[in-house]
Amino acid sequence: AQSVSQHNHHVILSEAASLELGCNYSYGGTVNLFWYVQYPGQHLQLLLKYFSGDPLVKGIKGFEAEFIKSKFSFNLRKPSVQWSDTAEYFCAVKLPYSSASKIIFGSGTRLSIRP
Amino acid sequence: DGGITQSPKYLFRKEGQNVTLSCEQNLNHDAMYWYRQDPGQGLRLIYYSQIVNDFQKGDIAEGYSVSREKKESFPLTVTSAQKNPTAFYLCASSVGLQDEQFFGPGTRLTVL
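From first to last, the protein sequence lines are chains A and B.
Numbering-wise, the numbering used here puts 31 at position 31 of the first sequence, and it's gapless, one number per residue.
To convert, count from 1 in the second sequence and add 1000; that's the numbering used here.
The hints are simulated quantities; they were obtained by calculation from the structure and are not laboratory data.
Cβ atoms here follow ideal geometry from the backbone N, Cα and C, with glycine treated the same way.
Possibly wrong hints are sitting among the right ones.
Covered stretches of chain B (chain A as the covering partner; in silico rule of three or more C-beta atoms under 8 Å from a C-beta of chain A) [stated by the list, open to error]:
hint	region
1	1042-1050
2	1103-1111
Computed beta-carbon distance windows for the label pairs [to be verified]:
hint	chain 1	residue 1	chain 2	residue 2	range
3	A	Phe51	B	Pro1008	50 to 58 Å
4	B	Lys1057	A	Phe51	23 to 31 Å
5	A	Tyr39	B	Glu1069	20 to 28 Å
6	A	Lys71	B	Thr1110	39 to 47 Å
7	A	Gly22	B	Glu1100	17 to 25 Å
8	A	Gly62	B	Lys1083	40 to 48 Å
9	A	Arg77	B	Ser1080	44 to 52 Å
10	B	Asn1018	A	Leu13	41 to 49 Å
Residues of chain B clear of chain A, computed beta-carbon distances all greater than 10 Å [to be verified]:
hint	residue
11	Ser1007
12	Leu1011
13	Glu1024
14	Asn1028
15	Ser1065
16	Glu1069
17	Gln1098
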């Protein structure tokens, strides 16, 4: 069965540190990839997505992610985090042109930023 | 403002009672979804609807029911058959099944 793994459950960083959150998926075919963020008390919202083309995807708020097909990975990065990046981050994988039940979310990574 | 509303934000029910969670969207989206979010487990799909008067089971549909009588509305009923109903429930919508999903603020249900 397809799955999405986010190995870091809780990451704690100081402001200005660099961030990389891991996301690996288990499916050999074409996939659509997403990162969602849930700020405290707010809606889940889309950070960035990859459907095709350039594997380095730019998102909102200075985030980017790189799709590495050979590693089945879609890691999220930010060169310098801010206190306002404190949130929970979810990676999601969708098999294109399949039913909605094939959207699979990772278990999430809680990011805490020390001011 | 366009968006998705879920009400109420917090809901308490006694064990054995059915409860219905509301989800309304004014984004003119065709597709709507219900997810359950549990600590350490991410989001799991309960039901989804591609179009009015049509809906499909997701990965964990047992103990839940839905209806889609209007494009804007996709209520979820948590029945007494759901063995572990206490959770955070998220509603989402998208233009179509292949498009990005927009999420509501969620309803936290506690069954006592």
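Checked hints:
1. 1042-1050: holds (count 6)
2. 1103-1111: Answer holds; 4 residues pass the 8 Å Cβ test.
3. A:Phe51 - B:Pro1008: 50 to 58 Å: Once the Cβ atoms are compared, 36 Å apart, the range 50 to 58 Å for B:Pro1008 and A:Phe51 is violated.
4. B:Lys1057 - A:Phe51: 23 to 31 Å: 26 Å, holds
5. A:Tyr39 - B:Glu1069: 20 to 28 Å: 33 Å, violated
6. A:Lys71 - B:Thr1110: 39 to 47 Å: About 41 Å separates the Cβ atoms of A:Lys71 and B:Thr1110, which means 39 to 47 Å holds.
7. A:Gly22 - B:Glu1100: 17 to 25 Å: 22 Å, holds
8. A:Gly62 - B:Lys1083: 40 to 48 Å: About 43 Å separates the Cβ atoms of A:Gly62 and B:Lys1083, which means 40 to 48 Å holds.
9. A:Arg77 - B:Ser1080: 44 to 52 Å: The hinted range 44 to 52 Å holds for A:Arg77 and B:Ser1080, with Cβ atoms some 46 Å apart.
10. B:Asn1018 - A:Leu13: 41 to 49 Å: This hint holds: roughly 44 Å between Cβ atoms.
11. Ser1007: Holds, since 14 Å exceeds 10 Å.
12. Leu1011: The claim stands: B:Leu1011 keeps its Cβ more than 10 Å from every Cβ of chain A (closest is about 17 Å).
13. Glu1024: Consistent with the label, B:Glu1024 stays out of reach of chain A, its closest Cβ about 14 Å off (over 10 Å).
14. Asn1028: 18 Å, holds
15. Ser1065: Answer for B:Ser1065: holds, closest chain A Cβ roughly 17 Å.
16. Glu1069: 19 Å, holds
17. Gln1098: 7 Å, violated
Hint compliance for this structure: hints 3, 5, 17 are broken, all remaining hints hold.
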